[in-house]
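Asker: Protein chains in written order, with our numbering: chain P, 67 to 403; chain A, 67 to 403.
Treat each hint with caution, since some may be false.
[To be verified] To spell it out: a stretch of chain A is covered by chain P in this simulated footprint if at least three of its residues, at any positions, have a beta carbon under 8 angstroms from a beta carbon of chain P; those stretches are:
(1) 253-266
(2) 277-285
(3) 306-314
(4) 352-363
The hints are simulated quantities; they were obtained by calculation from the structure and are not laboratory data. Note that this is a predicted model, so its numbers are computed, not measured. Glycine is no exception: its CB is placed at the ideal position from the N, C-alpha and C atoms.
Protein chains: 2
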Amino acid sequence: MKTIRFIAAAALLVLGGTAQAQTDPLPSWNDGAAKKAIVAFVNATTTPTSPTFVPPAERIATFDQDGTLWVEHPMYSQVMYILESVPALVKAKPELAKVAPYSTVLEILKGDRAAIAKLTLPDLEKLAMATLTGMSVDTFSAEAQRWLAAAKDPRWKKPYTELTYLPMQEVLKYLRANGYKTFIVTGGGQDFVRTYSERVYGIPPEQVVGSAVGTTYGYDKAGKPFLTKEPKLLVNDNNGGKPEAIHLMIGRRPHIAFGNSPGDQQMLEYTKAGDGARLSLLVLHDDAKREYAYGPAQKLPDTKVGAFPQALYDKAKKDGWIVISMKDDWKRVFAFE
Amino acid sequence: MKTIRFIAAAALLVLGGTAQAQTDPLPSWNDGAAKKAIVAFVNATTTPTSPTFVPPAERIATFDQDGTLWVEHPMYSQVMYILESVPALVKAKPELAKVAPYSTVLEILKGDRAAIAKLTLPDLEKLAMATLTGMSVDTFSAEAQRWLAAAKDPRWKKPYTELTYLPMQEVLKYLRANGYKTFIVTGGGQDFVRTYSERVYGIPPEQVVGSAVGTTYGYDKAGKPFLTKEPKLLVNDNNGGKPEAIHLMIGRRPHIAFGNSPGDQQMLEYTKAGDGARLSLLVLHDDAKREYAYGPAQKLPDTKVGAFPQALYDKAKKDGWIVISMKDDWKRVFAFE
Numbered sequence: 067m068k069t070i071r072f073i074a075a076a077a078l079l080v081l082g083g084t085a086q087a088q089t090d091p092l093p094s095w096n097d098g099a100a101k102k103a104i105v106a107f108v109n110a111t112t113t114p115t116s117p118t119f120v121p122p123a124e125r126i127a128t129f130d131q132d133g134t135l136w137v138e139h140p141m142y143s144q145v146m147y148i149l150e151s152v153p154a155l156v157k158a159k160p161e162l163a164k165v166a167p168y169s170t171v172l173e174i175l176k177g178d179r180a181a182i183a184k185l186t187l188p189d190l191e192k193l194a195m196a197t198l199t200g201m202s203v204d205t206f207s208a209e210a211q212r213w214l215a216a217a218k219d220p221r222w223k224k225p226y227t228e229l230t231y232l233p234m235q236e237v238l239k240y241l242r243a244n245g246y247k248t249f250i251v252t253g254g255g256q257d258f259v260r261t262y263s264e265r266v267y268g269i270p271p272e273q274v275v276g277s278a279v280g281t282t283y284g285y286d287k288a289g290k291p292f293l294t295k296e297p298k299l300l301v302n303d304n305n306g307g308k309p310e311a312i313h314l315m316i317g318r319r320p321h322i323a324f325g326n327s328p329g330d331q332q333m334l335e336y337t338k339a340g341d342g343a344r345l346s347l348l349v350l351h352d353d354a355k356r357e358y359a360y361g362p363a364q365k366l367p368d369t370k371v372g373a374f375p376q377a378l379y380d381k382a383k384k385d386g387w388i389v390i391s392m393k394d395d396w397k398r399v400f401a402f403e
Numbered sequence: 067m068k069t070i071r072f073i074a075a076a077a078l079l080v081l082g083g084t085a086q087a088q089t090d091p092l093p094s095w096n097d098g099a100a101k102k103a104i105v106a107f108v109n110a111t112t113t114p115t116s117p118t119f120v121p122p123a124e125r126i127a128t129f130d131q132d133g134t135l136w137v138e139h140p141m142y143s144q145v146m147y148i149l150e151s152v153p154a155l156v157k158a159k160p161e162l163a164k165v166a167p168y169s170t171v172l173e174i175l176k177g178d179r180a181a182i183a184k185l186t187l188p189d190l191e192k193l194a195m196a197t198l199t200g201m202s203v204d205t206f207s208a209e210a211q212r213w214l215a216a217a218k219d220p221r222w223k224k225p226y227t228e229l230t231y232l233p234m235q236e237v238l239k240y241l242r243a244n245g246y247k248t249f250i251v252t253g254g255g256q257d258f259v260r261t262y263s264e265r266v267y268g269i270p271p272e273q274v275v276g277s278a279v280g281t282t283y284g285y286d287k288a289g290k291p292f293l294t295k296e297p298k299l300l301v302n303d304n305n306g307g308k309p310e311a312i313h314l315m316i317g318r319r320p321h322i323a324f325g326n327s328p329g330d331q332q333m334l335e336y337t338k339a340g341d342g343a344r345l346s347l348l349v350l351h352d353d354a355k356r357e358y359a360y361g362p363a364q365k366l367p368d369t370k371v372g373a374f375p376q377a378l379y380d381k382a383k384k385d386g387w388i389v390i391s392m393k394d395d396w397k398r399v400f401a402f403e
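So that you can see chain P by itself, here it is in the shape it has in the complex (with noise of 0.2 angstroms):
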């Protein structure tokens, strides 16, 4: 019985193995040194025979979300999501519509697109916690969910879960099928990430570390349990907040690591001080026709959302992580095309 099995393994193996040699996994990208640099960390360490070789239980890829595995232009969808939530929370409370930032909001709504420069940060920290707490955290999963199935973007009038971008689906894939485990780790709510990071991207729920506020648990009147999502937030999951949340939702120190931003900027530091091999990658959005061209580095145009700063591009060149070329390494944006 332990022969068969073994041979059973053994030819699986052998199969498999040829089968991934002859078919690239990132058909997506050019072949430039972006995609080289992936495919050569994999290598290094996966190989067994690797002086870098990392053990499987050890191989943790972090990817932040917003500009570097979907469009993040001309606004976050979360950000959408929040200011789409007052007309409602105006309707549960009336006196609410002639009170800024909600009266600035309705405006913005009704077509007044640029109304938004009035929002503050402040001001988005306050619509935040207006729509995103005090209810139970099965009700905001339903009403996110249930947004995000209407929701469309203005420019590619999709589904927002439509304009990933191809080539980091297949690193995504690419990396899980050399045993890593992919995590996103994202500025953005956790709750909210979490409802669709499964069907998106393959990964579940508790690979998801983001933004997060606490929660109390309760019970309601029949004595059934539920946790109530509270304006309190516990994690701030960007910058130096990156390498905090990811050593209290994972615990490992990644071994590849990818960002767009300075938000990313010490996750991506984090990941490179490691020992043995690891790789930092930053997405370069320098495509205006295909999706979007921002930086201010290399003389981009500046922006508010995502912006990509030049002492950003020269620590990257400086410390030896990758640059990539929306325009120059993707040979696909998205899997619509």
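Please arrange chain A on chain P, whose structure you already have, making use of the hints.
Answerer: The following block gives chain A in isolation, referenced to the frame of chain P:
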């Protein structure tokens, strides 16, 4: 090619299935209600034709650690670590030698075990912050591992990490073999448990949810980044804090959960309140001969460490939770027996 691969895969499946059916997955359990309930739960949630079938991605199992997976008497292992870390602390800051609670700990370590009763909960919290924070996460991890390699339980004269319950190790393996992802959800320190969870339980660090302090990202003089453990509790993973931490760190409700004391009650309630097949279980320490006997449930002796009150026992019986009698349900307690 595809046909050969398919035949090989089919052969593996058939042989694998036969092998599993022939072997008792829980050989250290007596054939009683507890074993029956666990096996029935696994069959009900993993048989594709079962009305309560659970897709593999949603199979989450959570385990308290102290008193559920390993021995917690006469004192939690991590409290021993905290106490035994005090001499090094006093060596670095000699002025602490005459200040309570440090002076009390020095008395205890000199052999005055009765002095342990003098330590209050605020004392323990103070000692915990003094010995578990203020260093880098890597330094803490190295110190904890050094202690665990040398420290011995006073009764069995074995490393604490050998004092895990064999029947529970079998449950962990049995659930994993059936597609469950196993998590530790402990009131103990997350960073402490993560240093040995993989080796001892086959549970990787990212599947350990515990009480956790915040960390701060910074740089050493050479510019190398590191994380410092701060004396600020971020996650208190006890009572209502358990389902709250499960939501934060896992994001799904468990289908099966194990505990042994009131700190686990809310996790077991939360688990049981989900739809479909859910199982909540409590370990009752009623075996003074092979381990310890403490309640005060069922007229067992009372204790300050891991008490199991009668009210919890009554709630378990009322709500259909399973109480595991160490004496009656476990054929063997330890692997070294």
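Asker: Determine for every hint whether it applies to the structure shown.
Answerer: Each hint, compared with the structure:
1. 253-266: Since three or more residues must qualify, the claim that chain P covers the segment 253-266 of chain A holds, with 4 doing so at under 8 angstroms.
2. 277-285: Coverage by chain P holds here, the residue count being 6 at a Cβ distance below 8 angstroms.
3. 306-314: The restraint on the segment 306-314 of chain A holds, since 6 of its residues have a Cβ under 8 angstroms from chain P and three suffice.
4. 352-363: Violated: only 0 residues of the segment 352-363 of chain A have a Cβ under 8 angstroms from chain P.
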